[in-house]
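**Student:** In case you want the letters, here they are:
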Amino acid sequence: MTRIAVDPITRIEGHLRIEIEVEDGQITDAWSSATQFRGMEIVLKGRDPRDAWLFAQRICGVCTTVHALASVRAVEDALGLRIPPNAHLIRNLIAGAQYIQDHVVHFYQLHALDWVDPSAALQADPNKASQLAASISEQPSSASSLKGVQSRVKSLVDSGQLSLFTNAYFGHPAYELSPEANLLLLAHYLDALTWQREIIRMQALLGGKNPHPQSYLVGGMAMPVDPNRQDALNADGLARIRQWIGQMQDFVEHTYWPDLLLAGKSYPDWFKWGGTRGNYMSYGDFAPQPYTLEDALFPAGLILDGDLSQVHEIDQSKITEEVTHAWYDYSGGDRLHPWEGETRPNYTGPEPPYDFLNTDAEYSWLKSPRYEGHPVEVGPLARVLIAYAKGDERVTRIVDPVLGELGAGPEVLHSTIGRTLARAVETRQMANEMPRWADMLVANMSNNDLRIRDDSRWDPSTWPRQAQGYGFHEAPRGSLGHWINIEDGAIANYQAVVPSTWNAGPRDAQGQLGPYEQSLVGTPIADPEKPVEVLRTIHSFDPCLACAAHVVDAQGREIAQVKVM
Amino acid sequence: MKFCAGMTAALALPGRYTDRIAHALQAPQKPPLVWLDFQECAGCSESLLRASSPSIDNLVLETLSVNYMSIAMAAAGHQAEAALQQTMEDYQGQYIAVVEGSIPTNDGGVYATVGGRSAPDIATEVCRNAAATITVGACAFFGGWPSAAPNPTGAVGVDEAVPGLNLINIPGCPPNAVNMTATVVHYLTFGELPATDRHKRPLFAFGQTIHDSCERRAHYDAGRFVQEYGDEGHRKGWCLYKMGCKGPSTYHNCPAVRWNEGTSWPVMVGHGCIGCSEPHFWDAMSPFYRRLPDVPGFGVQATADGIGLTIAAVVGGGFAAHGVASGVRYGIKKRRQPSDDGSTSPTAQTDERPTESTESPESAESAESAESEEEDRA
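So the protein sequences, as listed, match chains A and B.
Residue numbers for the first sequence follow our numbering, so the first one is 814 and each next one is one higher.
Residue numbers for the second sequence follow our numbering, so the first one is 4 and each next one is one higher.
Next comes chain B alone, as it looks inside the complex (with noise of 0.2 Å):
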């Protein structure tokens, strides 16, 4: 119970909810998931193989039938990809997908195969007939590093490569084990899917920025900025926003449970953010060590999701200054406003695809003496 009273504070439900997933946990029937994975580094299973709550024996033994993930199943060969088909046609409609890695999309998609069928092919029929799709991490989530420019194989994440489908994205590089365990058992609980962002994000664990939940904030208002790494305030655990911290654009709960069992996170560490959780943060959030443009602080009302939206024009633009060799410009996405309940309409999606910039510089510094106006009137 202890475990599902963790649980129920993770997913910021009242406590009534406590005995509903005790039983939801212990139910008779195990639901059956199938984990593919296509273009990945395996960071995603091996975040998995971290969890605690429930850990990851639960999870495979007692809550979930695990019938197939290549990575940790007895089988092998035709016995493996048996075991997926079998778990398709017994369950049809009622399985769990998941998947972990991009999906390439050029060529035919014979930049990955499994058992001599290609990556595209796979996930369109195996997630079709799911119940659900979760997506692990930022290569399913937009296409990860693969993705980044130039994007040699025409990696894609799941939503874009099978569109259509009853998904719910859950990105990190890897993810925090806490943020898919309690997606699942979310799932378990109450039968749907947790709410999400416009990016089909849980906002139990997406729905803030770091910056707003970052222990060092306090340093950030007060003007008291890591200069270099190693200096005094380096080790006096200063903010990181100077050596190029993402936090304020970023939307993560890594400062709320942090890393391995509240272990650490990166910025605790000394590190600043990289942005993991962000669409197409391989080229938007790098250079990782250039700082962001200056961030209104404390006092003056941008709400954090505007701030988010103007850095991220800032970035798309800076972004196009910096220059990186292919040319290929990223469409940063304007995000809307939440409305009241936190949730964002689920016909307001839109297309993840990179495009072609229509930001020229120029856009970039109207955005940015937009920023220092915010400033002045602080």
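One chain only, chain A, in its complex shape (with noise of 0.2 Å):
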């Protein structure tokens, strides 16, 4: 039996740790360890809520966008604030923009170099490589841009200094790919980065910059809306959104989701890999008017023990979080709901530097969320079984003709490809879905219906001594909640309950495994000195760890009622 840690976790946000055990070749045991804390909750007491969303954004940059949306949220629900349909349509599609660009940038930035092995790619021919690109897209990559790209990994290896891939895994046995599937994924990956920072431009569009963007506000949205106007967005700005999306459709349909697929099948095995238990939960997002999950394009709901024959509804008085096994004190009890009792840090891991965590007692900076006692996957693989199970259309369309060509029912989705796989079944979705906004933004102007903002309750004068709400947001990597309670015009207490915080969670008070620790158990290891078998099913899940180590406070009262977006 050997004890492997694997820190830094890299190509994730943030600072994960991964240790686990190893036995004849498999993984038998794991530990999730989120190697950092900074304390949001701590520097929003006391602030204006209308700041809160300018702070709360900065948990995570790889993930902007989606804490301003669920803090703004929180505090137009607290206030009663009602955002006309225009502020609700310009904030799904800055989301969806997220979306897009965090998806594909996470297939090939953070996650292809797990089943890509770059040197393979020398050895390719161009024209053969062409040919493969060819038989699986409409749109593929010619043998000359190919030549260009295998040029260009040529010199970097000639020169000696290997940059990024520096002590990269090559040769490594779990590799699959034929020489000509790696020089086309390579290609790919810098395709992507150009093409990534071109249709980001619509987020700076309507937000001003990315990341970051900046033109949200409580009660609405800071970009005026105005057909007749030069500073306002007007047909120009419409006819620009609609060719990033053109090109985001572009890319997704054509390079994206035939490269996942070539991936998915080369490396069939991992369809029996990677699986949490079966829990899986989302709040529901994207609805075309506010206020509403009607129409939505992520559909509400809990699935338990992977039957994909009963859809829960979510009651969000179920969560709770432990901190058993994590670096917080609770006053009293082991599993607090989100709004009772006070958390502090509390460090009581090995003194830097360490070689191994005591995973017997605490070891991590995430407290463990759980949905009546059980632990959750949260996420596109979430998302996309619940409305799977929901018998959307939207997405049985997209899943059947690839179960069918796999020879296999849905239960080979609870895998490290399977989550791959629904990532890019929701980025195509998405792709979908936004000309939509777009259209349904249009109408409302051509009404003309310009309101962006309810300014009802601007003034903190307007508001009552203490209030409280929340505001869910499905963000890319899963189910985002975040809690504020106000009093006397200040925050008094806040809490964000974050997507990367349910998947990458320590064992609760039951020793019960986290999401990301359950995954890992039972996957073959070939070498564990160089164990990329970790890498791909923990990047399966998109981690991001500023993300899930946020907060340490849990302060406030329980909220009375379930109030939809």
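Where hints are given, some of them may not hold.
Think about it this way: if two alpha-carbon atoms lie no more than 30 Å apart in a straight line, the pair counts; the simulated DSS-like pairs of lysine-lysine are [to be verified]: (1) 960/A - 1085/A; (2) 1078/A - 960/A; (3) 1203/A - 1131/A; (4) 858/A - 1131/A; (5) 245/B - 967/A; (6) 1078/A - 1203/A; (7) 33/B - 960/A; (8) 941/A - 1078/A; (9) 245/B - 858/A.
If you're looking for bench data, these hints aren't it; they were derived computationally from the structure.
Both chains are sitting in their own frames, so use the hints and assemble them into the complex.
**Tutor:** Pasting the structure below:
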């Protein structure tokens, strides 16, 4: 039995450490640890609630926008503000652009090198690689462009300075792609870099800048909408938005999706490993109208034990957080609802520099969120399975053909490749849905509805002395919630339960493993010194540890009603 | 060459430097660079991904050898840490260290560890052995939001955590990609860091206030202000000063270069500036919707620096009056006048550590009355 620590887990956001026990070439146990903490909730205490989104957005710059959105929704909920449709549509477009950029960059820049061996690309025949491209895509890369990529890689290797590829796992036995497939995916890795900075300009148009767009407001948006004004969203802006959406759809349909299928089919074993216990959750999001989940792109729901025949309703009063194995203290009890008690950071881990954590005790800066005591997985796989289980045609029409080709049922989706596939499925869904929001915005503008905010309670003198609310958002990595308690015009308490906390959290008081930990057990490892298999599965969750380890306190009062966004 | 010409313009250099830049970017041996990240949100890394001149792939494959960068590198765990160690050994005193994120100093820095080592430990070793240290973003500059009151982890910027480095700060939350790439290009071309202000920020990007280069300045000078988001003035693109815009006290080149290849910037889209390039802006510039005290307008000549000085004092006093819960107050630095060539003496660096403010509400009042005197003279 060998104990291995992988720290840093690279190609993620933030600081994650994974420790595993390996026996006879297989992972027999695993521990997931966040090794960084900052304390957003403490920093927010006492501040103006209208500022909260600006602070909160900086929980994460990879998941930029998501915390801003959850934050304004929480404050709006607390103050009883109702944003007008245009503000909702602009928020959807900003969030949609985020999804597209985030998921595609994840596949190429963060995940691909687990499946792609750049050194093997040097052996490829660019003509054959172009033929391969033509066999899977209507917009194949040309032989000459692929040859160009190969030259660039060759120059890099010949220089002896390998840059980001220094110490990569070249020639690892777990790599299965042909040289041509390696070259093709590497070329698209570079194409994705060029593409992502172009299409994200849509977010800059609507938000002023990316990362960290700055046009949100408590009550709506700060971007004026007016077809007859220069400094407002007018027809020029709309035309550019449509153009960028077109570029998003193009790349997603003709590059990302075919590449994803190519990789998935080349690694069929990875439909066997990397699944969690089968509990999945989604809060639901991206309805065309605000304050309803009707016709939402991502429906809400809960699946337990992989049973797709039953989708349960979400009751957010059943959410708790535990700190048994986390570096926090609770004054009373192990498992608390987000608004009870107080948590203080209390590091009891080994003094750095250290070799291993004491995983029998506290070992992470993450708490363990639980739904009715269950660990649940959130994110693309959860959303796709919930929609699939509900018979949502927007998902079944994409997923069923793939399952047909594989000759398998949806049970194969509970896996590393399943999760990776789900990410691509919902990227396609999002790209297909975005034009609808642009159309609705146009329709409103045609009817001379130029409202972008509810200005009824901007002034703190209009607020009740005490107010509380919460805001939900299905962020690219999963279910996100912000809860706020306002007293005398200032933030009395702020709490966020973040997707990567659900997924990456440690064991709870019952000893139930968190989702990352579950997903690793049973996975084979070819070479414990080069654990690419660990990376494959962990990366399939798209970890964001700055998100996960944001917060320290949990204090406030119980929210009486479930409110819809 | 188009990129080089553009970069020459961005750095405000005469045209004859274009060839030098082209050569430097194709120099045979690639300068090694390591990118460290501590208490961060990765927004700075993401912003760099938006770079277009040079593009990120160009930077990473041809211009530099980025031997260590956690968010992007192929290797993980031991192999990743070995890449960092090897770079320090092979290129001691020659590599560039870039730092993203604040460094926690409470409790031995246990609030950010990588590979089992604490952030202060890593930063000290890596930066002291580097040829130069470039900090990116608010967090590595002064501690960022982790250091905002009450600073639960003792977060500080790199200059404070590891004093005495050959260091430059590229602030912003996050920094504009253009400013990060231009700084690197400047260093590669001229073999030294660009001229900086007293906060060690490059003058080519942080030498002028937003207010002085804002496209809405004419509206400010003419008294055309947005009174409420969504009103007629807002749709007409009027000045956002009354909505809390911190442009007058913020040094940054956003109006000139804009964001995401010139697409937009916060004021252009209709929301005020939050001062994200300034030290301790999370405390000094918030509440973000509260407006700055009246800035002397067109025709009254205090220099931009003088305005910044007065505003800084009043903001400091106003901050005290606002009474953020912790009671910690930040002494806002009074800026010196820059010398004629625009640079400040390197010996004039002062401590950026937050201090118990000695400013009382009285001093805020006297600053305010000084303000209105200037206005009367207008």
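**Student:** State for each hint whether it applies.
**Tutor:** Each hint, compared with the structure:
no., hint, in the structure
1, 960/A - 1085/A, "violated (35 Å)"
2, 1078/A - 960/A, "holds (25 Å)"
3, 1203/A - 1131/A, "holds (22 Å)"
4, 858/A - 1131/A, "holds (25 Å)"
5, 245/B - 967/A, "violated (57 Å)"
6, 1078/A - 1203/A, "holds (26 Å)"
7, 33/B - 960/A, "holds (23 Å)"
8, 941/A - 1078/A, "holds (19 Å)"
9, 245/B - 858/A, "holds (25 Å)"
Of the numbered hints stated above, those contradicted by the structure are hints 1, 5, listed in ascending order.
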